[in-house]
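Engineer: Quick note, the sequences are listed as chains A and B, same order. In terms of my numbering, the first sequence has 223 at position 179, counting the first letter as 1, and numbering is strictly consecutive. In terms of my numbering, the second sequence has 230 at position 228, counting the first letter as 1, and numbering is strictly consecutive.
Wrong hints could be hidden among the right ones.
[What the hints assert, rightly or not] Interface residues of chain A toward chain B, partial, derived using beta-carbon atoms under 10 Å:
| no. | residue |
| --- | --- |
| 1 | W67 |
| 2 | V71 |
| 3 | W118 |
| 4 | F125 |
| 5 | V126 |
| 6 | W155 |
| 7 | P157 |
| 8 | E160 |
| 9 | H464 |
Source of the hints: derived by calculation from the structure; they are not laboratory data. Here a beta-carbon is modelled for each residue, glycine too, at the ideal position from N, C-alpha and C.
Here's the letter readout for the chains.
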Amino acid sequence: MDGFSERWHHLARQTRRKINCGWWLYVCGTPLVGGALGLLGPALWARRIWPVQAPLWVAWVAGVAGVLILLGSWWVARRRFVSLSAALVRLEERLGLHNRLSTAAAGVCPWPPPPERADDGIRWSFANTLLPPLTAAAFLAAALWVPVKARMLPPAPDEPAAWAATEEDVRELARQDVADPGSLDETQKRVAELRAQDAGKWFSHASLEATDKLREAHVRSMADLQRQLTRAQESTSRLAEDAAKLPAQTRAGLQDQFNQAVQGMQAGAMKPNPELLEQLRAIDPEQLAQLDKEQMRKLMEKMKEKAEALGKCLGREPGEGHEDAEGELAESDVGDGPGRGGVDRGPGTSPDVFGEQASDTEAQKPQFLDPGDLSRSLPGDVLETTNSKHEVELTHPALRGGGKADVQGGGASTWQESLHPREQEAVKKFFE
Amino acid sequence: MNPPLPTDAEISAGSTKVRALLDAMNEVLYGQEELIEAVVTGLLARGHLLLEGLPGLGKTELVKGLSGAIGLQTKRVQFTPDLLPGDITGNPVLQEVDGRRTFVFQPGPLFASLVLADEINRASPKTQSALLEAMQEGHVTVLGETHPLPQPFFVLATQNPIELEGTYPLPEAQLDRFLFKLDVRRGSTATLQKIVLNREIGRAPAVAQVMTAADLTGLIDLARRMFLPEVVAHFIARLVNATHPGQSKASAQVRYGASPRAALALAAAAKARALIHGRPNASFDDVKAVALPVLRHRILLDYQARVEGRTSNDVVSALLEEIPVSTDALPRTLQAAPPVANAG
């Protein structure tokens with residue numbers, strides 16, 4: 045009998061589950077369709093603005109919203125959920141048991157033998173069940189995959205080429221393990237600071253100035269390091285191979301060269317690879333001939349590699365013009381004089397004349413002006429210029445009452461009567 | 003305290019006795035199996051019955067057959083307009099007893115287990131009231147003295163639906179005292195043929211007694227103790243509530259609905275029917291089977307319904323279609339399969 049009860053309860057639970065699930069799907073149908081429809085417009089708009097990131101965001105939002113809708117629908121639908129006893133009533137009504145199951149559940153009579161397959165008379169309406177989620181899925185698919193023309197954004201402004209060139213150098217040097225990472229990081233940070241500005245200010249005078257300085261310093265430090273490495277490599281090579289054969293003075297010079305190169309590397313803005321530097325510092329140039337040949341050979345190869353890498357960044361082979369770093373800079377397009385603007389900056393000062401500019405010497409030569417028809421001259425017109433002595437009016441027109449000038453006076457009286465003695469001295473000194 | 007539930011053995015034995023009674027009655031009245039079962043159900047539910055039918059359909063024969071099969075004391079009263087209340091309840095008669103003149107109550111025809119009140123609608127309202135009061139109270143009071151009626155006590159009243167002139171239709175409040183109102187209809191041609199071949203005018207058919215009054219009393223008690231599941235009681239309550247105007251679509255033209263007495267009648271009748279069918283409990287099907295005879299005379303329709311020719315039978319049938327046995331509706335994502343024929 046317990047088996048009959050278990051079996052009937054199992055069948056009732058199945059029926060209950062079916063009905064409750066049906067209610068849940070019914071309640072969540074409309075919110076699913078409404079939510080998907082509401083998401084469609086914003087999703088298409090987002091894909092137009094952010095064509096790459098938007099699909100993932102839309103999928104996330106759809107997923108979260110879907111979960112919330114399902115949970116909320118379950119909460120609302122549970123008011124309509126049926127109980128186990130109601131499921132038993134459905135079963136006994138369908139099977140024509142005359143409420144025998146309800147009576148057995150009340151303990152009044154034994155449970156009747158259950159059939160092998162009990163039909164509760166409830167069928168899924170596939171159209172009403174599947175239509176809402178399929179519609180929601182269709183809207184979601186449209187939101188994700190309907191082709192949308194991305195908004196034509198204004199092209200990203202080109203940044204100054206010096207930044208990319210500097211960063212490329214830094215990457216190459218880091219990859220080749222040429223320089224100290226701290227030095228490279230500092231350069232990288234400076235470039236990042238310049239890039240972090242508003243794009244409209246990238247080509248401002250201050251920004252371009254800073255870019256030029258940074259580039260200049262970077263190139264200079266690379267060239268300096270290359271030079272030091274080459275000198276160290278050369279001196280090491282000669283000392284290691286021919287130290288005994290070299291004259292003492294030459295040997296001392298090479299040892300000094302080596303020491304200076306190492307010191308230069310230590311003090312430079314761009315320091316070499318710390319491991320390499322440490323190896324070089326550990327070397328005593330006077331004892332080079334006694335050191336292990338194989339180790340020295342490897343060390344020199346390493347120095348040569350690093351120098352070659354630096355040369356590649358600088359755009360030429362190592363050992364060539366390494367004493368002419370100033371010339372390398374001078375040959376570059378970077379300049380700061382009038383007319384000496386570079387590729388990045390354009391022309392320096394703008395020309396204020398068109399055509400050939402007149403030479404300065406010609407402007408100082410006096411030129412004869414042809415007066416032309418003098419009958420048409422107006423008061424104040426310059427008719428001719430001469431180079432002669434001034435006629436000085438010696439008489440002083442003394443002033444009388446009423447403001448009338450007395451023409452008996454002249455320039456001399458002005459000199460004597462009007463000018464202060466100190467003023468007289470100053471004028472005299474001027475004409476001397 | 004609820005009475006103890008009957009055992010399976012009791013139910014089985016009781017069902018057997020009732021089946022024997024039904025079989026005996028079917029030999030008395032041909033082609034009226036449903037009517038006979040309804041009458042027996044009413045008896046087991048301890049209710050009074052109102053039979054409405056044309057003359058000559060066997061209403062009196064039914065009562066006589068019932069009386070013979072159960073061995074109940076039966077009396078018949080022909081209601082006429084000049085019938086007085088005392089004619090049915092009994093009258094005090096002045097008699098000399100022990101040298102003294104005193105009134106001695108002479109019981110009337112009401113003092114029987116089974117009373118056939120023929121054409122009750124022909125008697126005056128005063129006489130009707132006297133009968134209906136006795137049906138309700140179970141005793142008769144005359145000159146201040148109460149005389150209990152025999153137990154069990156049943157009244158099977160009849161009324162003629164075609165003779166309306168000169169009649170006094172029972173008021174609704176008194177109709178409510180009848181458990182069932184049964185329509186007696188004429189049988190089929192085959193039934194009529196059988197009647198012609200086996201019956202004669204003036205000769206009552208022989209009826210074998212299949213049980214005693216004590217057996218009937220036992221069966222009535224058994225029916226009372228039958229189990230009524232809560233879901234069935236809930237269905238009865240919803241059904242009766244739906245008879246009131248505004249509570250359902252079917253009751254749109256109802257003026258007054260059924261009373262709580264109707265709900266009790268439904269429960270009692272459903273239990274009795276379950277006993278007849280040998281089941282341990284009343285079911286939805288039992289309620290639906292007894293709904294029409296229980297409710298048809300307790301629903302008062304408005305004038306519009308009468309104009310349209312709508313009857314209380316139509317209302318009750320519509321109610322049974324409209325009110326589901328289960329209150330749990332199905333969502334649109336599910337649908338109910340067509341009912342299986344011969345289920346159970």
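Engineer: Which of the stated hints cannot be reconciled with the structure, identified by number in ascending sequence?
Structural biologist: 3, 6, 7, 8 and 9
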